[in-house]
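Participant: Residue-level listing of the chains:
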Amino acid sequence: MAITKVASPKDLDKLQKQCQTEQDKHKRKLMVCCGPGCLANGAAEIVTEFKSQLKKKRIKGFSVEAMKETGCHGFCEQGPLVVVEPQGTFYTRVKKKDVERIVEETLRNNKVVDDLLYTAPDEKTYRDYREIPFYKHQKRIALRNLGHINQCDIRDYIAVGGYQALAKALNKMSPSKVIEEVKTSGLRGRGGGGFPAGRKWESCARLEERPHYVICNGDEGDPGAFMDRAIMEGDPHSVLEGMAICAYAVDSSEGYIYVREEYPLAVQFLQEAIREAEEYGLLGDNILGTDFSFHIKISRGGGAFVCGESSALMKSVAGEVGEPRAKYIRSVQKGLYDRPTVLNNVESYANVPVIIDRGGKWFAKIGTETSAGTKAFSLVGKVVNGGLIEVPMGTTLREIVFDIGGGIRNDRPFKAVQTGGPSGGCLPDDKLDLSVDFDTLTKAGSMMGSGGMIVMDEGTCVVDVAKYFLKFLVDESCGKCTPCREGLYQLYLLAVKISEGMATENDLDKMEQLSGVIIDASLCGLGKSGPNPFLSTIRYFRDEYLTHIRDKRCPAGVCKALITYEVDAQACDGCMACIHACAANAISGKKGEVHTIDQTKCDKCGACFAVCNRHAIKVA
Amino acid sequence: MVHLTIDGTRVQAKEGEMLLKVIKQLGIDVPSLCDHDAVEPFGACRLCLVEITKQSWDGWKKYVTSCLYPVEDGLIVNTQAEKVVEARKTLIDLQLARCPGSPEIQQLAADYGITQTSYEPKIDSDNCILCGLCTRICEHMGFAAISTVDRGPDRRIASPLDEPPPDCIGCLACAINCPTNVIPYTEKGNKRTIWDKEFELITCSKCGRKTITRDFARALSKMRDIPEAYFEVCDACHRAETATNMGRIAGWSRREEAAS
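Residue numbers (the working numbering), protein chains in the order written: chain X, 1 to 620; chain L, 1 to 260.
Next comes chain L alone, as it looks inside the complex:
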């Protein structure tokens, strides 16, 4: 265990834990856009910047992104230092210039008293903040169907050669986890379309609900060694079946009781 001070509060944390996690556990409001429990910290949005120092540093202060900084014994953290708040404000202002049409960024900016960007707003913006969560989650799931392409301000998220990504299984992990909701997808009947690729949605053979995509089922079946037929039934029906079976074993099926 290590001991540190965050905004005047002395706290304990596990060695190797990242500073941001400890800060959030304390209920302190430090914004972050690219951090996600499911994937490794990335340090792209820089909003979780904090000021750190130590007694032994003789007044010297350092500015670090807390999502990537492992806790240290004796660390004195200031999450609301003047310089930190100013930097955060500028960073949000810059994001607003990049994504002027994003309601999420507009709200974040408003929280910091910014109603209009003071920089040159991007024309025809796709409102993507380039946090890279979509690509990192996709890679983490084992598919890496999309990635970032190009450099600098031209950086964007794309499929290989901007064509329907061959490795995409249509799981929607990218779209659901996008903090600014800018990855579009459509569902119509048993068709789902994302990244210009069309997927067939499996219809549950029991209840008729639409479940996951055929490609997702195939991939899961391979990865987890589960027979493909398992995915013909939706999760809810599987659970219901399991419950019924367990009840039968225990001998307290309600329906049977009622019948007798």
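Next comes chain X alone, as it looks inside the complex:
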């Protein structure tokens, strides 16, 4: 099909109508979630199966085109997900063998396949996903299109009003009006810094030096975080549109999206989206027939965590080693190639079209006074409903963990929730009623970060958590400055010492002192927030640290040097499962007789504990 360029807002309206008509042809649509979680669980296979089944069975009134591969729908825990719209019929954990039933029963006979519906832990079954608590408590702005449109089809995006905000900005608003609108919205950087986006744009726009650059930070590096990935893979055009609006506001004609190499799908979909948008005249030269031109290139990063830091990111885009520089001169002034640069993250840009479309005031009403709008989180860990969520700022941690997340798995007690990625912090249960917004989390010793949220239960040891994140930061420190390179490493060694029961209380003081120096003396944000995993856990869980130090005991039963595995003679039925599982040959005993563990041989791998169905292996 030959594509004519969209040369005016009228053209865009016409195209939108045309795309809507295409969509309306399908009375029903079948959405197969192809987000990262569902793909990992075999969504690609399900798509292929649907295609072949639909071809074979020829359902009346349902064409193959009405089946769409979409971005992340959110409820990753229950994936792969299949949704029939507009009814919202929601099938969970779909397997290849279920496809034929969905086609036959739901698509041909309009019936629901009951056993594929979602059943909540309270045994209640839901037909429409919108009723499920996981979805009911959410409000989606940045993730508005995820799961509802085909991520690789610009016509799907245009049908739901895509690029209308750009058209509005270009034709009805001056650049300064656009900045004013973003300032009114109160949008703050979603990458973790929380700097007001409007103010950033304004300072860039004011600088006379040219060219100006617009960069999108897609270097999501926090372990367990996948919000930006989901947006780039599930709704790439919203990012492009947001960037184009920003470029118009700050008078830039060149933009970059920095994506980590570990996100090949994001790179592929963004590339396709850029190509499509250029074909339609919605990016590139003379956008929408105006004299505004904006080109976006993709810059692929090697996956270094530190490259999420603005100055390191810009160095990496410029082809140099991704190392931060001192930012006594801000990157808005001297950014990429030492030119004025606006850098925002994926989620920030995805919010922009909505702000322009519905107005800054509308956006500012959502959320709290100082943190407007919504925030996407990837909710992971020991929570029942893991997945991708978006809630208004000001929602409490309790609402997120318990109402949306459905509480802790296996009804175990809640221990802490870790927010803000490796440099964030752990918040205990008495902080559960804190409102989730930039300022409250920072005050509580954690931070918003880019939106990773890891829920921990009693089986998690805070020393082990601190150790894990410190190790991560040690490995990811670029090594340029002494406090971060050597300081974090020594801090990690001291944490190891505690987990091995070799530390004294003096070591805790030493760690606190060293942390202070690392914060004051480090060059960039990675180092300056590096001691946080230790500082936030010691703040709320000092007793647990002291138990490791004084009693040489790990209450959670995690720190290997401080625990022993023992067989509970009452519970053991001599099934020999643990004996087979033990790689160290430390367990002996005959079938039907109580087994014993030779502590001198045991390497505490925990395989026996995991394999015993009778819970006869005890951690002491």
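If you are wondering where the hints come from, they were derived from the structure by calculation, not from laboratory data. Be aware that a few hints might be false.
In the DSS-like style, the derived pairs of lysine-lysine whose C-alpha atoms are separated by at most 27 Å in a straight line are [as the list claims (entries may be wrong)]:
1. X:168 x X:111
2. L:61 x X:443
3. X:443 x L:54
Not close to chain X: a few residues of chain L, all C-beta gaps over 10 Å, as computed [as the list claims (entries may be wrong)]:
4. 37
5. 39
6. 46
7. 63
8. 73
9. 78
10. 83
11. 104
12. 164
13. 172
14. 244
Glycine included, C-beta positions come from ideal geometry on N, C-alpha and C.
Following the hints, complete the assembly by docking chain L onto the known chain X.
Facilitator: For chain L alone, kept in the frame of chain X given last:
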């Protein structure tokens, strides 16, 4: 010109000048390991940390590395604030843990009253403090033959793939400027070896002294547009020749006078 106060002394400085330079001009002892006049400030060792504030900041204080911080009007700098000295001490302690065998770091530590690191010392340390002066100077000279590789505590200075660096010209700028003298090189006859690469040293055709490496001469000849033959004679002999020539032009050659 901007006016600022450093440790109670009011001083003037040129706009754009870095704080450390002004501090050093005052003769104040602020240690720094990675700063060098020949290259851009880098901010790796962090020892030149100082406390800054302004009247208008309402008591708020900031800690910055002075090598990278441009002077500002009205800045009040404290180079010996308690927190700064404590941080400096900790940083030196950390460096000593990394380079327990470096006499330079041992001396610096001793100056701050540290005789033994309170942290876990590195085993088999190469005693490199990773100030990056060698790589920055090499890059500044236009060769970039060596660079830093790896991340975090594993960071080190290396040649590409740890093989003799193809772009190295054997100029020794890296080794001479290393503040802890940990870049080894050897000279034997007319051979110089550095970074496992062997270079031929030019013998001065006049006095027989060893001069620069053949590779260095070639590079200079290309960069400065000087005939390669020029480097067959050492600097001292070139100077002597120039002096003789100038004297001849002026007509006061001593030897000629003596002869007449």
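Participant: Against this structure, judge whether each hint is valid.
Facilitator: Verification of the hints:
1. X:168 x X:111: violated (43 Å)
2. L:61 x X:443: holds (19 Å)
3. X:443 x L:54: holds (26 Å)
4. 37: holds (18 Å)
5. 39: Since the minimum Cβ distance to chain X is about 14 Å, residue 39 (chain L) lies beyond 10 Å and the statement holds.
6. 46: violated (5 Å)
7. 63: violated (5 Å)
8. 73: holds (15 Å)
9. 78: holds (14 Å)
10. 83: Residue 83 (chain L) not clear of chain X: closest Cβ-Cβ about 7 Å, inside 10 Å.
11. 104: holds (15 Å)
12. 164: At about 22 Å from chain X, residue 164 (chain L) clears the 10 Å cut-off, so the statement holds.
13. 172: Correct as stated: the minimum Cβ-Cβ distance to chain X is 24 Å, above 10 Å.
14. 244: holds (49 Å)
In this structure, the hints that do not hold are numbers 1, 6, 7, 10, in rising order.
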